[in-house]
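Chains as they are written, first to last, in my numbering: chain A, 1 to 482; chain L, 1 to 259.
Honestly, I wouldn't trust all of these hints.
[As the list claims (entries may be wrong)] In silico lysine to any residue, SDA-like type, Cα no more than 25 Å apart, as pairs: (1) K471(A) with I11(L); (2) K426(A) with R107(L); (3) K108(L) with D444(A); (4) K471(A) with K108(L); (5) K100(L) with P204(A); (6) K78(L) with G447(A); (7) K471(A) with R107(L); (8) K426(A) with L137(L); (9) K426(A) with N12(L).
Everything labelled a hint here was simulated from the structure, so no lab data went into it.
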Amino acid sequence: MSDLQDDILNEVTSREYKYGFVSDIDTETIPKGLNEDVVRLISKKKNEPEFMLEFRLKAFRHWQNMKAPKWAHLQIPEIDYQDIIYYAAPRLQAKYASLDEIDPELKATFDKLGIPLDEQKHLSGVAVDAVIDSISVKTTFKETLAELGIIFCSMSEAVQEYPDLVKKYLGTVVPYTDNYFAALNSAVFSDGSFCYIPKGVRCPMELSTYFRINAANSGQFERTLLIADDEAYVSYLEGCTAPMRDENQLHAAVVELIALERAEIKYSTVQNWYPGDKNGKGGIFNFVTKRGICKGNYSKISWTQVETGSAITWKYPSCILRGDNSVGEFYSVAVTNNHQQADTGTKMTHIGKNSRSRIVSKGISAGKSNNSYRGLVKVMKNAENSRNFSQCDSLLLGSKCGAHTFPYIEVENKSSMIEHEATTSKIGEDQIFYCNQRGISTEDAVGLIVNGYVREVINQLPMEFAVEAQKLLQISLEGSVG
Amino acid sequence: MLKIKNLRTAINGKEILKGIDLEVKPGEVHAIMGPNGSGKSTLASVLAGRDIYDILEGKVSFEGDDLLELAPEDRARKGIFLGFQYPIEIPGVSMASFLKTAVNEHRKFKGLAPLSASDFLKLMREKKELVEIDSNLTNRSVNEGFSGGEKKKNEIFQMALLEPRLSILDETDSGLDIDALRIVANGVNKLKNKDNATILITHYQRLLDYIVPDFVHVLYNGRIVKTGTKELALELEEKGYDWIKKEADMKLNGEEVKI
Ligand SMILES: Nc1ncnc2c1ncn2[C@@H]1O[C@H](COP(=O)(O)OP(=O)(O)O)[C@@H](O)[C@H]1O
Ligand SMILES: [Mg+2]
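The shape of chain L in the complex, shown without the other chains (with noise of 0.2 Å):
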């Protein structure tokens, strides 16, 4: 589904991904662990296509397509959904028209008609049961004035909605009490199928207690320095990132001298 080769990308001259190599296969959940600064949100955002980073070396592709050449809109069309970090506030335009347009324009693009806006109040309420979403949300400004938690909920309750094929969930677990994280997680597990794929970047192990990881990365410096199964989070959880630090640190000097 995914294919990562080589990634290399810099954000005003300074290279934050060195090389990431990562395949995603339908039905998996990849978690994304690491240290503050090591690249984690760079690396959704680019997955994404947000345009501010230069793409040094690599190839990105995602379901046969170049994705790096697909404009945002289209990645998004195409069924890659990010859960944003901190997901932006848009005072004024009301989350029904948001969500509507945004619906609708996957529909446009899979080729179906839009939705009546009676279908579309439909399927709102359907998928706000999943994640038990305050109803006044969708009568407010997008993200305008929603709590911390409202924000993290108000990302699953959009990937509900646009049933992506690859959710890439940033830190969505940050911040939220054992309740929201629980409600969080019960939405990606229902949502989860042997077709779509997720990506956790987390720093938490605890996030992983509720969705069981078939893998986890340890992201550190703009590399994938280990990969393990769910033992690995555990193993962090435990020991910190310190020796992963380290050992990457040896390892790349080691490599270094040899050139």
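In isolation and in its complexed conformation, chain A is listed as follows (with noise of 0.2 Å):
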């Protein structure tokens, strides 16, 4: 029985990682290693002002006094810090005033991920901003948000020209206190994403952040802020992707959202960062920090992610509910495979009387792979009448993989309710069985039964990404049942 099911995990092993091709981009590095003096560098290259390098000396030097996290359920080689490259930029001619003047090599990349930097090209308008190695590359539908009063372009551009605004809000959701990678996040980040929705604003279009480490032996530290003021809606997507190599690679983000009264944020990532070959060999390892705050009354923040890629996964989408009625969600798919590692979930922190919050973790273990949940509902003193509910399944496929729950629950309220489901389930062999003997392939098979698994946090994907993220689903977990 399980023989079968070993000789197609075994199969499984053998898929080739779509992304994997690295590109010939003309790429200005600055050496390997990390002191003060590298910290000042990245600030001069970006040309920032003062406030900026102090944020970061003052993280950089915090950190040094920190020690990387004793890990729970994950299993993560000593990391140099000294053997990194902290800065990678496409060369760039000054500053892109149109699209012809962009490397052909790096527009080539990007098409070929399926990510057209080219406005005119683009789906059913989804504004992108496209990060490469350090360096965002390209922000398109800038004009047409800007009529609007939204910003979003990259955040050294923020730095330069909003400055104002980064001060304000930089850091005072995931402070540089906050742990060991949001840390070093802040002392050395070098691009990402920045978007403002000003008072009242529905945003008319998803806004979209492309991730794509392509140089060696670099790092990717790439820093979001996302602020909807009073009643502003926005709906923000963000997918990554690196090139098949042999080492591993860092990628350590920090994300920081601010939902202000009665504003709304959708967060959503389709995360297919390199997972490492079969042998567990290379990879990204992906330590974010992703954390937003419902600030104002009636505030709304919802994460939703499909994890599929990295060879090791930490992160914890998190809501602090402070405001009063907020709302906080968590939907999330996780899939490892392999020798993937992944260790993910939320933290919902009640502070706002009559605040709710609801988590809906799938996890999907197969070949030798360990899926972890960890979640921590904490309900604050005077958070009177909160709610939560928490739904964590796990599937596995196959016998060698494994599936944690670690669900933590602190309420200080009496008046709160919080309710935790949890079920464990494998896709069984005669289910499988019945599928072949209706003329469906065992692939297909898998496929269905995924898809039904997964529904309720692929539903709340926009469109386009839904079916992009039932592909990557698919592909991911080819052929790993029998």
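Join the two chains into one complex using the hints; note that each chain is given alone, in its own frame.
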């Protein structure tokens, strides 16, 4: 019985990572290693104002005195922080005024990834900020958005053009003291996206950032800051890929979301970093701090993530529900295969009265992978009548993988209500055979079952990305059960 | 259509089918009866391609193909349908998407374009009537929470949708009340024609009042020990299996002595 499963599991491991190509882009890098001079150099390269350099240096000094976290359910090789390049950027001719000036190889790279930088070519109005290695190369639809007063640009640009907004909000949701990787990111972050939606504006299109690591030995430390002012709405998408390389590459991003009174932010991620080969060699270490604050009353933040890539994922998109009647949501599909490890989940901190949160986590493990859900629901003293519902499901494909659930609950208010449900299931061979007997191949059968399993989460994604995510799931699990 | 020659199979080292010979021609209905544990479901599963069994010996040809060489989904696409004795539940997968995938895989195999959503719905509606299946069932997950009778009707419903050449119905009549039995039998009869064939595995003679078999075989201890017409079924109903068992055991011992 398990022989068959093993056969098919072996098959999985031979699948190719589709985005693993390396582009030959003229890249400017600084030497490996990290010290105060490197931090100053990054700031200088980016022509940053004094406050930004101060921010970085404070973070760096703090980081130096920190220790890497002890991992509960991850096995992480020692990372040599002096062996990483902290700044790598496609060599830009000053600033691109038009698309024609972009390195054709760079453009081709994004075309190959299915992310045309050309606005005309764009599907149904998705504005894209494309980040390659350390630098944002192109933000599309900027002018259209500007007419509504929406600011959508690279972080570097925001630091130059909107220093007051950056100064006011940067580091307020994820302070550099928060954790080891947040401190590191605060010291050396290279670029990322910045977005501000003014009062009462509903952003008419999906905003999207596409991250690509290209250069070897480099880390990517992007920083995203998203502010929805009173009664504003924005839906934001993030996609990521990286070339196949034998060595591990570090990705340590920080994302901060701020929702003011009655504002709503929907943040979706389809993460497909290179997961390493079938023997666990190479792949991205994805250590990301994502947090949003529902600052205003009746505000809402919703995280949706489909995580299929990375060798190691350590990620807990969280919500601080400060406003009364605020709502936090977390919808997650995390797939691990081969030797991948994922430790992901969320933190919902209820501070405001009548605040509500909903957690739907669907883990899928195949191969020899390990998949953990780690969640904290914290209800503070004054969070009268707050509610949480958590549903954590695990699906196991094969007998060599693992699924773990660590739900933590801390409640300081008696009027609150917390519900938690968890299930673990396996795709049975009898289920596959039943499908086979109706003419459905094993791969399609797994696809059907997995799609059914993740539907609740995928439904949260904007249409085109739902389709994309579904395809991605199918590819990630190709042949993984029998 | 189907030719089984000296088929011997084992599971976990235990021989279950000990030399089966059977030929089924287009338009025929064969009933296979026999006591519990004699290997009826094993035979059905082996024909459908369940690969937990070891094939020790024998040949099975189906419409000229070496059946044992084909993957289970290809056997299905070539027209072998198994009505499961215990239909499997697949939570989270709606009947509609399951059936649409199945139907379109069959069409693809025949070189036909996939059905549009509306054509598929029309087809479902038409076939639903045939087996008088509750409309809501197709909105639910595959077999999940279905009653025993609903599961069996659902098997016939799927058979109607897929229009197989050879249907193997494994105790589709077990656990059905008389109305459900009539519906299931009607479904089978309506789908029957001169080009397809049916193997009915059953315990009870009563199904054979509705579906008249051309042959009745008795499977006992991994062998077909007796073959007859529908009168044999009546005889079994009356006298039970003991006389057959005795006859078969004696014959077997006699043969062994001879060797
Ligand atoms: N997985 C298995 N392992 C060992 N023996 C099995 C297994 N499945 C079925 N058998 C045995 O095979 C024999 C035939 O079973 P089956 O084909 O289900 O009989 P029937 O359908 O005629 O009642 C029985 O003795 C049963 O115990
Ligand atoms: Mg049986």
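(request) Tell me, in ascending order, the numbers of any earlier hints that this structure violates. (result) Per hint list: 1, 2 and 5 violated.
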